[in-house]
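Peer 1: Here is how the chains run, residue by residue.
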Amino acid sequence: MVIMDDYGKFETAWCPGCGNFGILKAIKQALVDLDRSPDEVLIASGIGQSSKLPHYLRCNTFNGLHGRSLPPATGAKVANHELTVLAVTGDGDCYGEGGNHFLHTVRRNPDITMIVHDNQIYGLTKGQASPTSEIGMKTKVQTHGVFNMPLNPLSLAISLDCSFVSRGYAGNIPHLTKLIEKAIQHKGLSLVDVLQPCVSFNKLNTFKWYSERVYDIEEPGYELNDRVKAFEKSLEWGDRIPLGIFYVNEKPSFEEHIEVLESGPLYKNIPKTELVNKLIDGFI
Amino acid sequence: MATQLVKGNTAAVIGALYAGCDCYFGYPITPASEILQEASKYFPMLGRKFVQAESEEAAINMVYGAASAGHRVMTASSGPGISLKQEGISYLAGAELPCVIVDIMRAGPGLGNIGPEQGDYSQVVKGGGHGNYKNIVLAPNSVQEMCDMVIKGFELAFKYRNPVVVLADGVLGQMVESLQFPEVSVKPEIDTSWAVSGTPQTRENLVTSIFLDFNQLEEFNYEIQEKYETIEEEEVDYEDYMARDASIILVSYGISSRICRSAVDQARKEGINVGLFRPKTLFPFPKKELKEIAGSKECTFVSVEMSNGQMLEDIRLAIECSRPTSLVYRMGGNLITMDQVLERIREIAAGEE
Ligand SMILES: Cc1ncc(C[n+]2csc(CCOP(=O)(O)OP(=O)(O)O)c2C)c(N)n1
Ligand code: SF4
Ligand SMILES: [Mg+2]
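In order, the protein sequence lines correspond to chains A and B.
As numbered in my numbering, residues 1 to 284 make up the first sequence, in order.
As numbered in my numbering, residues 1 to 353 make up the second sequence, in order.
The set of hints was computed from the structure by calculation and includes no laboratory data.
Built from N, CA and C at the ideal position, the CB exists for glycine as well.
Check the hints yourself; a few may be wrong.
Within a straight-line C-alpha distance of at most 27 angstroms, the following computed DSSO-like cross-link-like pairs (lysine-lysine) qualify [claimed, not checked]:
#: 1; chain 1: A; residue 1: Lys126; chain 2: B; residue 2: Lys41
#: 2; chain 1: A; residue 1: Lys140; chain 2: B; residue 2: Lys49
#: 3; chain 1: B; residue 1: Lys159; chain 2: B; residue 2: Lys126
#: 4; chain 1: B; residue 1: Lys41; chain 2: A; residue 2: Lys140
#: 5; chain 1: A; residue 1: Lys268; chain 2: A; residue 2: Lys187
Some chain B residues close to chain A (C-beta under 10 angstroms, calculated; not the full set) [as the list claims (entries may be wrong)]:
#: 6; residue: Ala39
#: 7; residue: Ser40
#: 8; residue: Ala53
#: 9; residue: Met62
#: 10; residue: Gly65
This is chain A alone, in the form it adopts within the complex (with noise of 0.2 angstroms):
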């Protein structure tokens, strides 16, 4: 049986209060929830202060470089699609630099949990607007106030018919925790984009302020496969926010459309070099 002390402990960069340590706890109890152990999972990454989480837990682990969380991640998978594979990013490494991959990992569907520290800011580069900050909020760059909209991660996620889109908050660990269990065990790309309070730079999105609107979406009558209700209920932000799982639409993942992965990960199927042999003589 997989144990909390099996994905270790370290110290940790992050600023004292930060709501990182809420999403580590939750993924760690999580993983240990569904008794992965550490050599079964792989977490990869960007850059950022979200995308630091890698270094604190004792697993698989690859910190690649800022936006690219979601492509070392579908490769790794594609190579062993046995390892159970998380990609941890950031609102700006996922939403801005990488936009493009998430929109292309979404149309690919690999069974991956991508978990994205939604803090609405540039937490590493000490304070500057993200994809996810709110009109009219000051930094030190956005001086007058933020002016563009922000992007909407679950409204394009559903848009974009990814297979599992959630919301969750680092301030509800127990709730994030289901959320991020669910996740796991859904087969095919699973988004949780986790509101997180980044207490040094963003100082408008507060625990306290978090807390006074989200309530849990689950409620009597909510279809997770109906696409439009989804969409409809994603737009809600502002007094209340939503919390749980939006959307699910189970379809194959990218790994079956791989033919070769059938009779197991390439790591265990190494190629025969009969069939190479065969396609050279067909060139000579």
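Position chain B with the ligands relative to chain A; hints supplied.
Peer 2: Quick look at chain B with the ligands alone, frame taken from chain A:
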């Protein structure tokens, strides 16, 4: 003229404002983010344009767009961000567009760290993107030059219709020194002879890097090579600190050249005949001048750089390997120390080579 204590990164923005730069496109990255921040503060204040882009590729392509329209445009970044800008820089060079790119180098390869290094030398001086092109590269070594070389950069960018890179590093960006503000401020004006600004005068102009006809593209390639030759003849700039009469010549640019200068002073006190040759332009590289020095007497050259011999190659080419050369270097975000340089000087002086 007014003098004030400012940071190197701020000085670059002051230079841009005096040079008539009217568009800034950037994306945050340490240790260059302050340029973005300062630009975001001053550009709108003066009715100029500022955009924080969604990525470095977006920023450099915004530069492409605004430069095509004839504006005086700047962007800045650091190592990983400059790598991403390379696709756009190749297109800017191919379309012969002026712009200034400031690179506040950090340590690599890959993500590396935010410490100072000079490891971008090759990617910036040798082109970096695809195709037969060159950037003009200026290398400041003080806060004053951070400002002055951005101004000079705009001058050269427009004179030759070519991208100019101001190649600095994390220390120069953070360093606070007194800055003497420029005497004159350039009024941005659009050159209607080539720009496409949507006016009747510029209707016939075409900005492009596409030449589907092989012969036409070949001809264009020859033309830009001629331009680079002219730049090599006319625009070389360097500082000679007792190098002409020295038998040991340190060659160094940027922050390491300041450490070298102290080492030269110390070694001279010890009676060692050493000097410093500091290229202020890395392309054009002061080839002729180094060759002259090499030909004038017995001497040895030492490349002092915070990279793995990237400039050393150019020194050897310049002097046609006619004299001994060696390398004093450090990488990974740590500064070269004066002792490190002195040690090498003493070794050479003692004939331990
Ligand atoms: C190519 C490149 N560009 C820029 C950076 C600088 N950079 C590092 S993290 C980051 C943004 C981080 O924002 P986000 O993804 O929201 O993460 P957070 O720190 O807020 O968790 C930036 C711009 C970089 N490391 N590499
Ligand atoms: S800067 Fe913000 S996101 Fe980063 S560790 Fe500190 S509080 Fe957390
Ligand atoms: Mg963020």
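Peer 1: Does each hint fit the structure? Answer for all of them.
Peer 2: Each hint tested on the structure:
1. Lys126(A) x Lys41(B): Since the Cα atoms of Lys126(A) and Lys41(B) sit roughly 16 angstroms apart, the hinted pair holds (cutoff 27 angstroms).
2. Lys140(A) x Lys49(B): The hint holds at about 16 angstroms.
3. Lys159(B) x Lys126(B): holds (20 angstroms)
4. Lys41(B) x Lys140(A): Holds, at roughly 8 angstroms.
5. Lys268(A) x Lys187(A): Holds, because 22 angstroms separates the two Cα atoms, which is no more than 27 angstroms.
6. Ala39: holds (9 angstroms)
7. Ser40: Where the cut-off is 10 angstroms and the nearest Cβ of chain A is about 4 angstroms from Ser40(B), the hint holds.
8. Ala53: holds (9 angstroms)
9. Met62: Status violated, d = 14 angstroms.
10. Gly65: Violated - the Cβ of Gly65(B) stays beyond 10 angstroms from chain A, reaching only about 18 angstroms at its closest.
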